[in-house]
Amino acid sequence: MIKILKKNFSIDEYYEKIKSNENGAISFFLGTVRQDLFDNETNKIESIFLECYRDLAIKQLEQIRKEALKTWKLNNCLIIHREGSINIGEKIVLVMTSSSHREDSIRSNEFIIDRLKVEAAFWKFKILKNQSKIIEQKEKDIEKSLKWSDIVNEE
Amino acid sequence: MIKILKKNFSIDEYYEKIKSNENGAISFFLGTVRQDLFDNETNKIESIFLECYRDLAIKQLEQIRKEALKTWKLNNCLIIHREGSINIGEKIVLVMTSSSHREDSIRSNEFIIDRLKVEAAFWKFKILKNQSKIIEQKEKDIEKSLKWSDIVNEE
Amino acid sequence: MKIKIKYFSWIRIKLNKSEEFLNIDDKTNFEELKKILISNNNLFSEIFKDNSIKIFINFKEIENHQINLSNGDELAILPPVTGG
Amino acid sequence: MKIKIKYFSWIRIKLNKSEEFLNIDDKTNFEELKKILISNNNLFSEIFKDNSIKIFINFKEIENHQINLSNGDELAILPPVTGG
Chain B
-14 MIKILKKNFS
-4 IDEYYEKIKS
6 NENGAISFFL
16 GTVRQDLFDN
26 ETNKIESIFL
36 ECYRDLAIKQ
46 LEQIRKEALK
56 TWKLNNCLII
66 HREGSINIGE
76 KIVLVMTSSS
86 HREDSIRSNE
96 FIIDRLKVEA
106 AFWKFKILKN
116 QSKIIEQKEK
126 DIEKSLKWSD
136 IVNEE
Chain P
-14 MIKILKKNFS
-4 IDEYYEKIKS
6 NENGAISFFL
16 GTVRQDLFDN
26 ETNKIESIFL
36 ECYRDLAIKQ
46 LEQIRKEALK
56 TWKLNNCLII
66 HREGSINIGE
76 KIVLVMTSSS
86 HREDSIRSNE
96 FIIDRLKVEA
106 AFWKFKILKN
116 QSKIIEQKEK
126 DIEKSLKWSD
136 IVNEE
Chain S
24 MKIKIKYFSW
34 IRIKLNKSEE
44 FLNIDDKTNF
54 EELKKILISN
64 NNLFSEIFKD
74 NSIKIFINFK
84 EIENHQINLS
94 NGDELAILPP
104 VTGG
Chain L
24 MKIKIKYFSW
34 IRIKLNKSEE
44 FLNIDDKTNF
54 EELKKILISN
64 NNLFSEIFKD
74 NSIKIFINFK
84 EIENHQINLS
94 NGDELAILPP
104 VTGG
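Protein chains in written order, with our numbering: chain B, -14 to 140; chain P, -14 to 140; chain S, 24 to 107; chain L, 24 to 107.
For reference, chain B alone in the conformation it holds in the complex (with noise of 0.2 Å):
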């Protein structure tokens, strides 16, 4: 399954979508709004603002979703997303991964994250009084995603 909402959700509401008695492991990656700084040492951002081309990014999660569905041993995997604007402290991103042993799930869900992070249509905004800045994309995130290349069954 894969979802791009604009409310914060519960983790628990996920959960029981992939929960079955063949799971032995399930692991989550959750990412949420740092109370980050905005410009400089004083000035502590107020949100974030997620911008989102809607239909290309459901088809990149549901590509990624494929490919980690086809290198591990998976029973399910889940991906939420949120767009639009998000209050410090509240989910951005949740992965779920569910496998009947720990090793598919853990490795899994690092390779979609990782995967995520520098492929699918979102893009970060601080947000500081009506002011807005772009956050830039770290060149350890695409590092980070070059690495699956061997291991990841792609298309």
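Because the hints were derived from the structure by calculation, they are not lab data. Using N, Cα and C, we set each Cβ at its ideal position, and we do this for glycine too. Check before you lean on any hint, since a few could be wrong.
Lysine-lysine pairs mimicking PhoX-like chemistry, simulated, CA-CA at most 25 Å apart [unchecked claim]:
hint: 1; chain 1: P; residue 1: Lys44; chain 2: L; residue 2: Lys83
hint: 2; chain 1: P; residue 1: Lys123; chain 2: L; residue 2: Lys29
hint: 3; chain 1: S; residue 1: Lys29; chain 2: B; residue 2: Lys129
hint: 4; chain 1: B; residue 1: Lys(-9); chain 2: S; residue 2: Lys29
hint: 5; chain 1: P; residue 1: Lys55; chain 2: B; residue 2: Lys4
hint: 6; chain 1: B; residue 1: Lys58; chain 2: P; residue 2: Lys44
hint: 7; chain 1: L; residue 1: Lys27; chain 2: P; residue 2: Lys44
hint: 8; chain 1: P; residue 1: Lys55; chain 2: L; residue 2: Lys83
To spell it out: a stretch of chain B is covered by chain S in this simulated footprint if at least three of its residues, at any positions, have a beta carbon under 8 Å from a beta carbon of chain S; those stretches are [stated by the list, open to error]:
hint: 9; region: 23 to 34
hint: 10; region: 41 to 53
hint: 11; region: 114 to 121
Under 7 Å between C-beta atoms, here's a sample of chain P residues computed to sit facing chain B [said to hold, decoys possible]:
hint: 12; residue: Ser(-5)
hint: 13; residue: Ile(-4)
hint: 14; residue: Asp(-3)
hint: 15; residue: Gly9
hint: 16; residue: Ile11
hint: 17; residue: Phe13
hint: 18; residue: Phe14
hint: 19; residue: Leu15
hint: 20; residue: Thr17
hint: 21; residue: Arg19
hint: 22; residue: Gln20
hint: 23; residue: Ile91
Following the hints, complete the assembly by docking chains P, S and L onto the known chain B.
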């Protein structure tokens, strides 16, 4: 926080305890009771029983938690473990690690579950109609735990 | 024929629009469209020189800029993404 | 002096008890206690030969079996654990 519980629990309830504006990344590992076989290809288990040397297990989990906090930059770390009778599909263990950046939450989370499996004083039994059968320790779990020895700041 | 172009992140901000519809000649390829866009707004010459920017046509990334466009195509110009 | 010994997993099942209290001489060390236990039940000779079994005294694993015991000590005999 370390907890050993007799009853099933909700993920959201414990997520609230580590929620913080300093968190950017929270990793969860959840172990659940898989519908396994009891003794042959037809009989399925009804539940498991988790024996626990409670006073020791708490000290061991605290030690593993301390090593994680010394090795990675974490904001918090929770380990919740069940004891007693646990039904199919129910939660056995939940490890939560929170940090500013995902590298720390992901790595420490995997360390904790790998160590906990071979170091904490719990013993699992499969249950079918008043019969119980010990679940044996796996060689692979010992290997997984050992591979952290070069990485972690042990005492 | 008519195509749609979607703009995101700093490109959307600098152009001050998130999408536009263009009427172009049949059989225009993407290379030719780039020239039209640059003639409309010089920001596009900067955009098309930037290797970090990706071009998607109908939700597929394109590498070959000689690709022919079709009526109803949805193009998108994407700066580096920062989701998650 | 009086000590407590706790048994777990298959040891608990085979001994049919999860703990017992023993009155032993002052200054008894663990090596001597092992002999007392074996004389009480031959299962202990099997247990003490098994390298996978760990001995804890007051929640600390011991390696040196010459360690002296004290009144009120809590010993535990632990087969390989399988939590998580």
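Hint check results:
1. Lys44/P <-> Lys83/L: holds (10 Å)
2. Lys123/P <-> Lys29/L: Distance ~24 Å between Lys123/P and Lys29/L Cα, so the pair holds.
3. Lys29/S <-> Lys129/B: With Cα atoms ~28 Å apart, Lys29/S and Lys129/B exceed 25 Å; violated.
4. Lys(-9)/B <-> Lys29/S: Distance ~21 Å between Lys(-9)/B and Lys29/S Cα, so the pair holds.
5. Lys55/P <-> Lys4/B: Violated. Lys55/P to Lys4/B sits at ~33 Å, over the 25 Å cutoff.
6. Lys58/B <-> Lys44/P: Answer violated: Lys58/B to Lys44/P is near 34 Å, above 25 Å.
7. Lys27/L <-> Lys44/P: Roughly 19 Å separates the two Cα atoms, so the pair holds.
8. Lys55/P <-> Lys83/L: Holds, because 21 Å separates the two Cα atoms, which is no more than 25 Å.
9. 23 to 34: Answer violated; 0 residues pass the 8 Å Cβ test.
10. 41 to 53: Since three or more residues must qualify, the claim that chain S covers the region 41 to 53 of chain B holds, with 3 doing so at under 8 Å.
11. 114 to 121: holds (count 3)
12. Ser(-5): holds (5 Å)
13. Ile(-4): holds (5 Å)
14. Asp(-3): holds (5 Å)
15. Gly9: Since the shortest Cβ distance to chain B is 4 Å, the answer is holds.
16. Ile11: holds (4 Å)
17. Phe13: With a closest approach of 4 Å, the Phe13/P hint holds.
18. Phe14: holds (6 Å)
19. Leu15: holds (4 Å)
20. Thr17: Holds: closest Cβ of chain B sits about 5 Å from Thr17/P, inside 7 Å.
21. Arg19: Nearest chain B Cβ about 4 Å off; hint holds.
22. Gln20: Holds. Min distance 4 Å.
23. Ile91: holds (6 Å)
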